[in-house]
Amino acid sequence: MSSPLLSVANITKTFPGGVVALDEVSMDFHPGEFTVILGENGAGKSTLVKIMYGIYTPDKGSIILKGREVEIKSSLDAIKKGIVMVSQIPQLVDRLTVVENISLSLTRIGMFETMTRVRRFFKEVSEKIGIKVNPDAKVWSLTYTQKQLIEITRAILLDAMVLILDEALTYLPMEERRKFYVYLNEFKEKGRSVILITHKIPEALEIADKIYVLRRGKLVGALDKASANIDKIRDLMFGEAAKTITYERFTKPYETPIGDIVLNIRNLVVEGDYGEIAVNNVSLSVRAGEIIGIAGVVGNGQRELLEAIVGLRRVREGRVIIDNHDVTNKGVKLTRESGVGFIPDQPLRYAVSADNNIVENVAALFSRKNFVVNWKSMRELSEKLINEYGIYPPRPEMHVKLLSGGNIMKTVVSRELEYASKALVAYNPTRGLDEATSTFVRRKMKEKAVNSKLAVLFASEDLDEVLQLSDSLYVMNRGVLYGPFDPVSTPRSKIEELMVV
Amino acid sequence: MRIVLVRRKKPLKYGGLVVALLSLLSGIFVFTIFAWLIGVNPYPVVETIVTTFIFPGVVKDFIILTLLGYALLIAFKGALWNIGAEGQMHMAFLVSIYITLIVFFTTEKSLPLYISIGVILLSIVAAVAAGALWGGLAGVIKAYAGVDEVPVTLILNYIAYFIGDILVYGPFRGKYVYGYARTDLIPDPYKLSIPVQRQLSGNALIDTVTGYMAEFATYAVWLVALILVLIFTYWLLNKSNIGLRIKILGSNPDYLVSLGYDVRKTMVLTFMLSGAIAGLTAALYYHGSLYRIEYPLEYNTASYGYLAILVAWLSMLDVYLVPLSAYIVSAVILGSQRVSSLPSVREAFTRLQLGGAEMAFKLLMFGSILLAYSILRFIQDYELKVVS
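Residue numbers (my numbering), protein chains in the order written: chain V, 372 to 872; chain G, 24 to 411.
Simulated from the structure, these hints should not be mistaken for laboratory data. Please read these numbers as outputs of a predicted model, since none were measured by experiment. Glycine included, each C-beta is placed from N, C-alpha and C at the ideal position. Zero decoy hints are in this set.
DSS-like, lysine-lysine: derived pairs with alpha carbons at most 25 Å apart: (1) V:Lys-494 - V:Lys-550; (2) V:Lys-561 - V:Lys-451; (3) G:Lys-270 - V:Lys-747; (4) V:Lys-740 - G:Lys-270; (5) V:Lys-772 - G:Lys-262.
Take a look, some chain G residues computed to stay more than 12 Å from chain V by CB distance: (6) Tyr-121; (7) Ile-140; (8) Trp-336; (9) Ala-395.
Chain V on its own, in the form it takes in the complex (with noise of 0.2 Å):
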């Protein structure tokens, strides 16, 4: 066997708050290895890759890189001794073009390459991936599966040794992302190592050569492609709670009882963040206690949907009725106060304070309307959620900054559905979630809905997701909302063509 390209050795990291995220872990890549890191929520993969990438200190150990140890101060040291990472979140300037990005972080590391160079290398690299993105398109104007490749093409110009992907390709399409496997897979032959970082095990058994598992900051399994199967990884990860995770339907479709219109969507069409038609003359409701899943691809025009939905986005024609009430564009507070719970997209962005605690972040949703804030109250309605979805650490005085993002999420949507009592709107509910954790919330929405007569929106990058849990779905594809389908009978190619055609 070969040795190792990178090592890490032994790593400790304890982050303010005295949470520990790593304790004493050590992991090899090989060259021309494939290798998955996967864990639950709030398991330390990311604060792992961080430490690999500069971004974090750690605490204790070592990083050792083509058998010397090295240190690692920077992203930039990182990215100049062959370590590039590409996040979840593409980290693109929007207002430039596909080639003015490239050229910048080129010249950043003090390498300097022509536009022409660039223009071609990138033609090359996206005609073999199959993706067509036109090199002089301003980075707005182009979808997320773009932007990533876009990331991924200039990690690849970096000229990286290791490339690490952060949950990178985890909201690419199914036929994307096999696209995107055929060339990492090229380019680790080339004797160079790709990790990917992943919460979803489908995807690391598509492709890994090594799978290591982490849980709760420590490493509980190194296991290679010959020896891994699904149920194994999940009870490294989860333990006990593997025996949870279910993709199988919680009922059939309309199976519970279902009331009156209380989302009511006519014709509406919104702009979206560059003055396009994001939503293009949508039509839909959903009444007390259904479930309404929107599948589609990311930059569709969810988002901008949902937000209009809500009161967030100007609706630019159209109407949205809440419970017989026009609300069409009277702010945000309305729907609010007419029982909507809102998930949106990015929740770190736009759904928590992060200098705040819990117990802040809880009171200023459900304190809205008392001019003195119950405290009290506030704290134990936030340790009930803490303990209902099992938000760790388990501490309400926690500020949410020091959260890991899956336990961010957890508190996000725990206040929500705990909020909602006519309507939930949500966007990626268990985005960022695990599997143990994603099936919990699936299972509470379902709850919520039959229980307490919610009607429930949501849109999800994540077919699975909407098949398991929506009485009826449609698909968005550029703005137009087709559908309603039966999720059951209705062929998942069928489904899954609407989606990218």
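Fit chain G to the given chain V structure using the hints.
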């Protein structure tokens, strides 16, 4: 093995207190070195500064700066950089002057108590409203026109100064001012300070203690206001919904939006609360110590509105540390004034042909302390660690 800088897991115990005190000490140290370099004996310099910390003359500035510190603390918590306390104070002065010197002017030496109290209360309420409106104006410009609040509040300060200048030259000019551009003195019945007579004993310790007692007695009403404002600020930020909104505004306004709060209104409200406390401070200062305003207007406040920015920062936006940091700032101002009027310092300036540079010398100490503060503030959050 290497040395790295990492964020502390837990903030330093008593960190705020330690940082404030240490920055003070190191600032004084740097200042003394400088004095020594220009040929001034460091001993009297240090002695003067240190004794200023136990000098009754500090009390007045301390109370005013604490009040203003709270005014700014509220705005800063919402990440609204209100540097307009000066303007808010001046607008408040003007309404107080209108009420006490125009509407209810009297030459009587005393009036029935209920009239005195009534006029003073009216003046205070009007001053609070004026401060709130002037602050709110900055808030409206920030929230609805999207102009950054720093230049806006600064410009509003000058507008307030100039409005005052016009008024002091015109309708507000006093009848008994011998041609000076100033207002009359506030009528005696409207004065808030309590005159205290004391005999010096000749014993330094006893005189200092009685001196403090005399000052506190003189400004007793201010002290009551200070305690009320402290309680109000604490309550606002930790108990009320408005305070919670202000804190979230300071951290993530997008979250406020998705909760359905009106971010613009919250901004205006925050500015109004901040301006209201500045207005209250102005009324107290006018009734209790200033007694009149004169041209040019900016001299009337001795830059309190700007010094309060230092107070708020030095307190690290901690409600409990505001009085401490106000005390430090007041002592440092007074100390540096006293140092620059020391005979040895004056002599050194003359020798170096730097006559008139006392003002700059005064500010030097301030600079040294702030520098030390910023370094220590960093150490409070970060620590050096040896990684093996």
